[in-house]
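Residue numbers (the numbering used here), protein chains in the order written: chain A, 877 to 1029; chain B, 877 to 1029; chain C, 877 to 1029; chain D, 877 to 1029.
Don't read these hints as lab results, they were simulated from the structure. Careful: at least some of the hints might be erroneous.
Note that identical chains are pooled: a pair holds if it fits in a single copy or bridges any two copies.
[Claimed, not checked] Taking lysine to any residue and the SDA-like style, the derived pairs with C-alpha atoms no more than 20 Å apart in a straight line are:
(1) K980 with E900
(2) K907 with M917
(3) K907 with T999
(4) K907 with D921
(5) K980 with T970
(6) K980 with G963
(7) K980 with G938
(8) K980 with S933
(9) K980 with E908
(10) K980 with L935
(11) K980 with A893
(12) K980 with L899
(13) K980 with V932
(14) K980 with P894
(15) K907 with S986
(16) K907 with V932
(17) K907 with R936
(18) K980 with S942
(19) K907 with G1028
(20) K980 with D921
4 protein chains.
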Amino acid sequence: MSAAAHKSQVHTNMTQAPQPTLLELSDFLEKEFPQTRCRIMAVGDGGATLRHEVGVSELRPGGTVSGPVMMGLADVGLYVAIMGEVGLLPMIVTASLNFNFLRKPAGDRSLVAVCRLIKVGRTLAVGEATLYSEGLDDPVAHAVGTYALPPGR
Amino acid sequence: MSAAAHKSQVHTNMTQAPQPTLLELSDFLEKEFPQTRCRIMAVGDGGATLRHEVGVSELRPGGTVSGPVMMGLADVGLYVAIMGEVGLLPMIVTASLNFNFLRKPAGDRSLVAVCRLIKVGRTLAVGEATLYSEGLDDPVAHAVGTYALPPGR
Amino acid sequence: MSAAAHKSQVHTNMTQAPQPTLLELSDFLEKEFPQTRCRIMAVGDGGATLRHEVGVSELRPGGTVSGPVMMGLADVGLYVAIMGEVGLLPMIVTASLNFNFLRKPAGDRSLVAVCRLIKVGRTLAVGEATLYSEGLDDPVAHAVGTYALPPGR
Amino acid sequence: MSAAAHKSQVHTNMTQAPQPTLLELSDFLEKEFPQTRCRIMAVGDGGATLRHEVGVSELRPGGTVSGPVMMGLADVGLYVAIMGEVGLLPMIVTASLNFNFLRKPAGDRSLVAVCRLIKVGRTLAVGEATLYSEGLDDPVAHAVGTYALPPGR
Chain A
877 MSAAAHKSQV HTNMTQAPQP TLLELSDFLE KEFPQTRCRI MAVGDGGATL
927 RHEVGVSELR PGGTVSGPVM MGLADVGLYV AIMGEVGLLP MIVTASLNFN
977 FLRKPAGDRS LVAVCRLIKV GRTLAVGEAT LYSEGLDDPV AHAVGTYALP
1027 PGR
Chain B
877 MSAAAHKSQV HTNMTQAPQP TLLELSDFLE KEFPQTRCRI MAVGDGGATL
927 RHEVGVSELR PGGTVSGPVM MGLADVGLYV AIMGEVGLLP MIVTASLNFN
977 FLRKPAGDRS LVAVCRLIKV GRTLAVGEAT LYSEGLDDPV AHAVGTYALP
1027 PGR
Chain C
877 MSAAAHKSQV HTNMTQAPQP TLLELSDFLE KEFPQTRCRI MAVGDGGATL
927 RHEVGVSELR PGGTVSGPVM MGLADVGLYV AIMGEVGLLP MIVTASLNFN
977 FLRKPAGDRS LVAVCRLIKV GRTLAVGEAT LYSEGLDDPV AHAVGTYALP
1027 PGR
Chain D
877 MSAAAHKSQV HTNMTQAPQP TLLELSDFLE KEFPQTRCRI MAVGDGGATL
927 RHEVGVSELR PGGTVSGPVM MGLADVGLYV AIMGEVGLLP MIVTASLNFN
977 FLRKPAGDRS LVAVCRLIKV GRTLAVGEAT LYSEGLDDPV AHAVGTYALP
1027 PGR
């Protein structure tokens, strides 16, 4: 087997923009997405972990969390992970989001998204997000997102 | 070329449940998704068209619509199209949603989702949704969703 | 409902390169993919239809066609549909391919791919392909592909 | 952050079928896919690593590997990883395969697929595969596959 497989799977091109701190990213998120309930728990090393406190209006009958809430959390999480690598660029655009729903999330727990970048190229970034109900082992959803990066950065 | 390709691409197995009317589906939607802003415009023949009036809280900086709003509309639209074929089953579950964002939607127009079922099998349904800013020709997003149908229907 | 939804869903930007004929595309395919068994049946109007005669080595136990054969057909079909719009560009690169397998294809029939472009932008094209066993109504697979177009075209 | 995120992401239901050895899986592969060039390097713990020696007929102009070869490797790798958990079941069927092409693979190196299961449920398994050119650090492709498991296992 290749040695490659044992190494970290994050592979970032050189970038000039400074890598922002968790605090700077949180401020940016609050300004860009004022309605978001996502909070950044960790960022760096080609990944990010976010937490989303589930609101009553986000529940579905049966006490589970609605799909768009999970999709939004994965999207914001990958966006944060990318900015953690390339800087606070305002023009990062989601190109695709592929989502697999694995289990019903618990309605009475926060959602946690563990995001990991697979590629950060010159014009495109690709990452995956695994979502959990906080404190439970089994993932509730998995996403792969691709993002167009602004040219000339 | 096969004659098959020229025919409608909707292929539904026999089902016993009666196909609901647009009114019955709208009532169902209002009960199951009380917060939704989606309205059913047409349903039947293996498809559905829904309209979503964009709210101020759903806008992103730059006057465009947030991604989760579009994903939610596609998901609800496919769900409605499936129920239009198999009946008002409460246990239809989204298994996957693959989303391509094509263009920025206009912030001052409603979103329209044109949904078309590709397969309605015994345990799985697959459909696609094309989203537009109302009145504009170019699609803003395209989605493919797969749905698990309740056993024994 | 929007008038947009009733119109064709192909939306191509202006391009300077001449649109190739079916014969020119077939010659190109033979040179670029000498091993391919795909034949172009129709191309133009933002779409293409291809036929693939299934070889004995492409069968799986049980008399069905292997998955990569279907994926390859969808990929080549979308590639042809794009070149039908933008010209015989050698640097069109598949960025993603999302594949849903719907039914077992018949091992004793050719495969037919009906491809339709959803977007042809400046740097990205998106299309979908529906695959059939020739002469049968039910689709066996559905794919959505995204393609990076060469800059400065 | 949840402790869950730090744990292994493999979550397998109880299964009665014995977990096959690497040798048993290799024999099975040779019988089911006699034309495959994939070799199993490791299997177990909810994952598998496979190696595919690239043949001359699998190269594309420019000295790179064709897309369907990579898709086939990912598909077989996930199939092997699943059988490593649930046993040598003949009726595991690919339901979907979502593929992102990240970089041109080297034409003169073998491909290596590192596969990891995300969920192994009663009727559905989901996994991801990361592909490398052997000996190189940067992944060339990433796939997520979903597989229908035979009922009553």
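Quick rundown of the hints versus the structure:
{"no.": "1", "hint": "K980 with E900", "verdict": "neither (33 Å within a copy, 27 Å between copies)"}
{"no.": "2", "hint": "K907 with M917", "verdict": "within (18 Å within a copy, 36 Å between copies)"}
{"no.": "3", "hint": "K907 with T999", "verdict": "neither (25 Å within a copy, 30 Å between copies)"}
{"no.": "4", "hint": "K907 with D921", "verdict": "neither (24 Å within a copy, 43 Å between copies)"}
{"no.": "5", "hint": "K980 with T970", "verdict": "between (25 Å within a copy, 10 Å between copies)"}
{"no.": "6", "hint": "K980 with G963", "verdict": "neither (34 Å within a copy, 23 Å between copies)"}
{"no.": "7", "hint": "K980 with G938", "verdict": "within (10 Å within a copy, 34 Å between copies)"}
{"no.": "8", "hint": "K980 with S933", "verdict": "within (17 Å within a copy, 27 Å between copies)"}
{"no.": "9", "hint": "K980 with E908", "verdict": "between (29 Å within a copy, 16 Å between copies)"}
{"no.": "10", "hint": "K980 with L935", "verdict": "within (11 Å within a copy, 28 Å between copies)"}
{"no.": "11", "hint": "K980 with A893", "verdict": "neither (39 Å within a copy, 26 Å between copies)"}
{"no.": "12", "hint": "K980 with L899", "verdict": "neither (32 Å within a copy, 29 Å between copies)"}
{"no.": "13", "hint": "K980 with V932", "verdict": "within (16 Å within a copy, 30 Å between copies)"}
{"no.": "14", "hint": "K980 with P894", "verdict": "neither (39 Å within a copy, 28 Å between copies)"}
{"no.": "15", "hint": "K907 with S986", "verdict": "neither (22 Å within a copy, 25 Å between copies)"}
{"no.": "16", "hint": "K907 with V932", "verdict": "between (23 Å within a copy, 16 Å between copies)"}
{"no.": "17", "hint": "K907 with R936", "verdict": "between (28 Å within a copy, 11 Å between copies)"}
{"no.": "18", "hint": "K980 with S942", "verdict": "within (9 Å within a copy, 24 Å between copies)"}
{"no.": "19", "hint": "K907 with G1028", "verdict": "neither (24 Å within a copy, 35 Å between copies)"}
{"no.": "20", "hint": "K980 with D921", "verdict": "neither (30 Å within a copy, 24 Å between copies)"}
In this structure, the earlier hints numbered 1, 3, 4, 6, 11, 12, 14, 15, 19, 20 are contradicted, and the remaining ones agree with it.
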